[in-house]
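Each protein sequence line maps, in turn, to chains A, B, C and D. Converting from the first sequence to the working numbering requires adding 140 to each position, the first position being numbered 1. Converting from the second sequence to the working numbering requires adding 678 to each position, the first position being numbered 1. Converting from the third sequence to the working numbering requires adding 407 to each position, the first position being numbered 1. Converting from the fourth sequence to the working numbering requires adding 1129 to each position, the first position being numbered 1.
Check before you lean on any hint, since a few could be wrong.
[Said to hold, decoys possible] Label-pair distances were calculated between CB atoms; the ranges are:
#, chain 1, residue 1, chain 2, residue 2, range
1, B, E753, A, A614, 43 to 53 angstroms
2, D, S1364, A, Q606, 50 to 60 angstroms
3, C, N455, B, K1111, 51 to 61 angstroms
4, C, N455, B, Q886, 41 to 51 angstroms
5, D, P1352, C, N464, 55 to 65 angstroms
6, C, N455, B, Q761, 31 to 41 angstroms
7, B, K854, A, G350, 17 to 27 angstroms
[Unchecked claim] The calculated DSSO-like cross-link candidates involving lysine-lysine, where the alpha carbons are at most 27 angstroms apart (straight line), are:
#, chain 1, residue 1, chain 2, residue 2
8, B, K1056, B, K1039
9, C, K432, B, K862
10, A, K420, A, K547
11, A, K334, B, K862
12, B, K1039, C, K421
13, B, K765, B, K1111
14, B, K891, B, K874
15, C, K476, B, K721
16, C, K477, B, K1039
17, A, K447, A, K394
18, B, K888, C, K432
19, B, K907, D, K1278
20, C, K477, B, K716
21, B, K854, A, K337
22, B, K1111, B, K1056
23, B, K742, B, K721
24, B, K854, A, K334
25, A, K466, B, K862
26, B, K931, A, K465
27, A, K447, D, K1278
If you are wondering where the hints come from, they were derived from the structure by calculation, not from laboratory data. Beta carbons: idealized from backbone N, C-alpha and C, even for Gly.
One letter stands for each residue in the lines below.
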Amino acid sequence: MTTALRIINGKVYDPANGIDGESREIFVDNGRIVDTLPEGARTIDAGGMVVMPGGVDIHCHIAGPKVNLARKLQPEDHRRDPHPGTLHTRSGSGGTVPSTFATGYRYATLGYTTAMEAAVTPIGARHTLEELHDTPVIDKGFYVLLGNNIFLQQLLQAGRREEFKQAVAWWINSTKAYTTKLVNPGGDEPWKGKRNKNVDDIDERNEVFGITPREIIDAFVETVNEFGLPHPPHIHCNNLGHSGNVKTTLETMKTAGDRRVHLAHIQFHSYGGERGKNPKSAAAEIAEYVNTHPNISCDVGQVMFGKSTIMTADAPLAYMLRGFKKGKWINADTECESGCGIVPFAYQEHVYVHTLQWAIGLELFLLSGDPWRIVLSTDHPNGGSFMSYPKLIRLLMDREFRKEEMKKVNQKALRSTQLPDLEREYTLNEIAIITRAGPARALGLKNKGHLGAGADADITIYDEQQDKEMMFNAPRYVIKSGDMIIENHEFVGDHAGRILHVAPEYDETIVDSVRSFFENYYSIEFDNYAVTDNYLHDHEVVPVLKGGGS
Amino acid sequence: MSEENSSANTRVVENATCTFCGCVCDDMILTVDMDQKKIIKAKNACVLGRAWFAEHTIEEDQPKAKINGRPTSVEDAVEEAAQILFKARFPITYGLSDSTCEAQRQAVAISDIIHGNIDTTTSVCHGPSGLAFQGIGESTMTLGEVKNRADLVIYWGGNPAESHPRHFGRYAVTAKGLFTPNGKKDRTIVLVDVRKTPSAGAANIFLQPKPGKDFEVLWALRALVKGRKLPADIEESTGVSLEAMEDLVDRMKNCNYGVLFFGMGLTMTRGRHFNSGALLALATDLNEYTHFVAKPVRGHGNVTGADNVVSWQTGYPFGVNFSRGFPRFNPGEFTTVDTLSRGDADAALIIASDPASNFPKQAIEHLARIPVIALDTKDTATTSLAKVSFRTSTYGINTGGTVYRMDDVPISMRPAFESPFPGDEEILRAIRKRVHELIIARGPHGAAAESKVAAPRKD
Amino acid sequence: MAETMLLIPGRSSKQGTSLNKGKLKEEYLAVTSAVEIKEDDMSRLGLNEGDRVRLSNSVGETIVTCVQKKNIDLPDGVMFMAYGPCSSQLMAWDTAGSGMPLSKNIEVTIEKVSE
Amino acid sequence: MSLELTLLTQPEVPLEADVLSPDRLQSLNRSELERLELYYGNVRTPLAEFFSINGDFDGDLHLTGDLSRIKHVGSLMTRGSIHVHGDIGAHLGTGMSGGEIRIDGNAGDWVGPEMQGGRILVEGNAGHLIGAAYRGGAVGMTGGEIIIKGNVGNETGHAMRGGLIAVGGDSGDFTGVNMLAGTIVVCGRPGIRTAASMKRGSVISLHEAELLPTFSYDCCYHPTYIRLYLQYINSRGLNIDEACINGNYERWSGDAVEMNRGEILIYRP
């Protein structure tokens, strides 16, 4: 049912293939980009329009147990933002945590066609895949939380490093994940087992398992790189949100040495100053380190003013944030695997810290020396909704707009940053990199983020406009795997999207040791734990890199 | 269960799941007589589970579908059901707690497409706890955390010994775990109930508030946790002595991992969501001192799955209305006891549930006045008054699919033997397909046509 | 003689096992049409095990069979019965904006039915 | 003259009529009025299907008939008046910020939820959640006044943060629950658990009330503002006798599980 297409007269931005706003013809056949005109192709005249690959979100929270808890928690947020159905689409609710259908369709209305759920407990993988199946249009995958996994920590404690590697691979296979996610590694045990304490130093030795966050990080960096997963370990560092956490962040990156690693929402980890006091910007230090270390990629986790929902596996952080307003709060412990905290939140211009966070995010973008390794994200919905991406793009592309916005914020906080002095404006080509080509490369998705022959025909066509927020808010055409989804700003079709996951080979003998731990300490049967293929529906196994695999 | 007259042709299904109650135990070992199509042994099952497996046999003689009590083909019944739903101005869908998530997804799709109203048995079970959750939040956990860590377990307003017989052994009382190697020896168990139920036997401490005074007791405990003074007559008014309260608060503040399980003794009594809310707030307050969690002990096998599916598809857990082409949530308005008792509903699709036998009188009377479509594995008061009824196979026994345990852990079921009767999902898919055809055919007139009609996605 | 008492409908394992057989089967109907009353209340009301009693309130009424319980099993003036068609007859529908009708601690008048 | 709408036929399912609000009727001609869309269950139906239309809209709207199944009347209104000669359904004056609504009969649940200003007067009884926050919301009514001459249900003034609610008859359970500020006067008897979780604000009861153990007695006195409030309420058509207006009140502060800065005032004859 996919149509053959010929897109003419558009200004094409395809950084991966070195095309920067030149007029090119693009041919689509059977859901892929092809280099010759296919039979009976329908022609789309993109004159006066900008053609880009579909957007790729490398870090968001859109599906799974914690997301659904946050949805249930906030009827007041949904009520103000209903999402009506159309001839081709299901209805839903919006707000900071939209329903699954609304999530897929709203990504499409921004021209995004791929998104990765960034934190899923292994035991919640089945639930997550059910929700992703109900998240239309986009291709999607998820990162599995293993950084606080009790069995894996016991293996490290016992120095059984090889079994650790095999167990990690087993877990990735059993959950159909895309890569491993570490969140506040080593922080769960003090939270659950020591009356809501936390770990606050990367070298602090855990009393129960006798290992440090650094040792956990090192083990995962080594393992995932050895297996050659297309995306390296995705790390949410210790001390998120705390003044002075820049040290922890730098140490985390140093632990990786020259091995590949991705740092999540790095804005939240770029704070100077003393713990417990007001933070300062450490964006320059972080940008400097990232710029000079090509093995590192990161996403920013920009804060956008307005309503947000904090949802994180970093339970102590959520509890700390809950302390400010003493409002609704969710804590959700997952046996042997993870913690979770959820707090409805709002970033306000007049608040010193909120302005500082906003400014640090923008500093990181504007100080970046290599757009390929810094990805646009708001850590949706933690820093703000993905629906605010167009405004964020305008902040980066439009210096005058940025200066107007600066007038509204806390000036004391603003003055403590370099932001007022940064004149840089992102070009459309750079935007195409930080929203498409860059994240696709960081994810190792060879068929995404570009428009060369063989690529998935995920294409967005925008009317070129002065106001970049308007422009990126309303693509004229969105094409997913060759299917016309949005035409003249209206939904004309639907698409189920597919699951992206990896399947590194591992040594079967590891299963017995996992099983024996499992039978003692989990509350469901080991044989009912691994996710079966029927939960994948349409899916793609993304191959491991050359030299990977064991 | 006796194994006499079991024929040679048996098969054993391991790691099967019992969906009778919210414990959703997935360690069943079922011995199935494939000739007689019945389960002759259910190892590890409790008394409720054994009955669940033993009694769900195949009644071949029964028709697959009926219209006005007369046997008919499934196809005709689907057509009749679709016509009823298509013509209705306020069609309600209800039930779903004894059905798979796959079927629940079809049910929500139908309500979305026909701009109807959907609600689940949650609204008359822990719906008030859902409301409380939306006001306060919840510190909670998966049941394995209780097994591994809990050193103080409090059951409030529930009788798990009779309603969830394996809750004690598998998860919360005698279960041995990582930091609780000695099981019950490592724990203190408290039961709070207005009746001295069989569950009291498992408790180290039993507190018996006066009926209807749970809120006052919870409120008094919150006050003590916050270091406030209580009036001297607190025992007179609540039935629980100040000493007993102070002792409990002391234990709660000083445990390492405390758990509050609660039942319908809170949600079904005067105070409803505020009773649940008081308990959730108490657990939240206690996190200032130690790690404390709470969890409603859910009833039916997949009622938790229904909450999850309805939430991820609409944004709201139950009591959802699509009249205007998008979901709206309002318990007391869009919940089923209300839509029936007020006479709002003009058609009803009831899935794996029996409101005609356990709803308030006034609701049952209205149900008898409107066209009802009922899906169930056996005859019930609801199927008896239905205009269209489908006899379905039993989830978990005859059909696979996903169910959620009371702690939101999803489990994939392993059916034991095939049934000649279709599953809920199959019938609901057919109804969904048909109502959508009818609505497309009707074109831009009639029911909310201008706002456009949702089309089913290819899945 | 008639008296006002508190009725607590709830789950019991007998109700649980019997409903698997079928909710229109005798066993389930029997289990859900029995009311448990403590010894002291029984004797005060002049009731014996197996007596038929009429439970009624402003909503409706139902006739059920008495089952005697030990005094420690129930507080004074409180009766228990399994949820079902009988208890529905006494349940008021107003959910007070919650969706939940008050299903426990129902005030009912109890009187012996003399055949 | 003002606009008069008379209900012709009783709807079989609920009828949602947010369009029946002065702001929506401004400067509409007859045929535009007739075509105003109501939601009849899930069917969009023109106003003329259910109402006979007389007069022209000059700011005042009159509705006649048994409108107990008609919801959302006066939603978000900012000015003008609505007078219902009969009963009215749920969600009356949702989020209204100005103008006046008068109901001669009874009102349903959710009268003036999240109301910001203006006035609602109900001659008869009203349902649950008067002036409340919608589910999940932290803030209910923030301003204006709701006067119910008869009885009301549960959760009156739930999470109220400003304004006045006066009840001529009895109120249900959890009157003023989660109250943040504002004043609730109950002339009859309040139900149980009054002002649970109250942070600030005042609940005034002219009769004995069963209080939670987390409210503590301060003193018995006659705060002058009570006289003013009660006299004002009388001027709105309730008749509170002089003894209450001039008498003494027990002051109980609470809720101790919160900041303990709210008050319940109980008339002491």
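- When the hints from earlier in the document are held up against this structure, which numbers fail? 4, 5, 6, 9, 15, 16, 17, 18, 19, 20, 23, 25, 27
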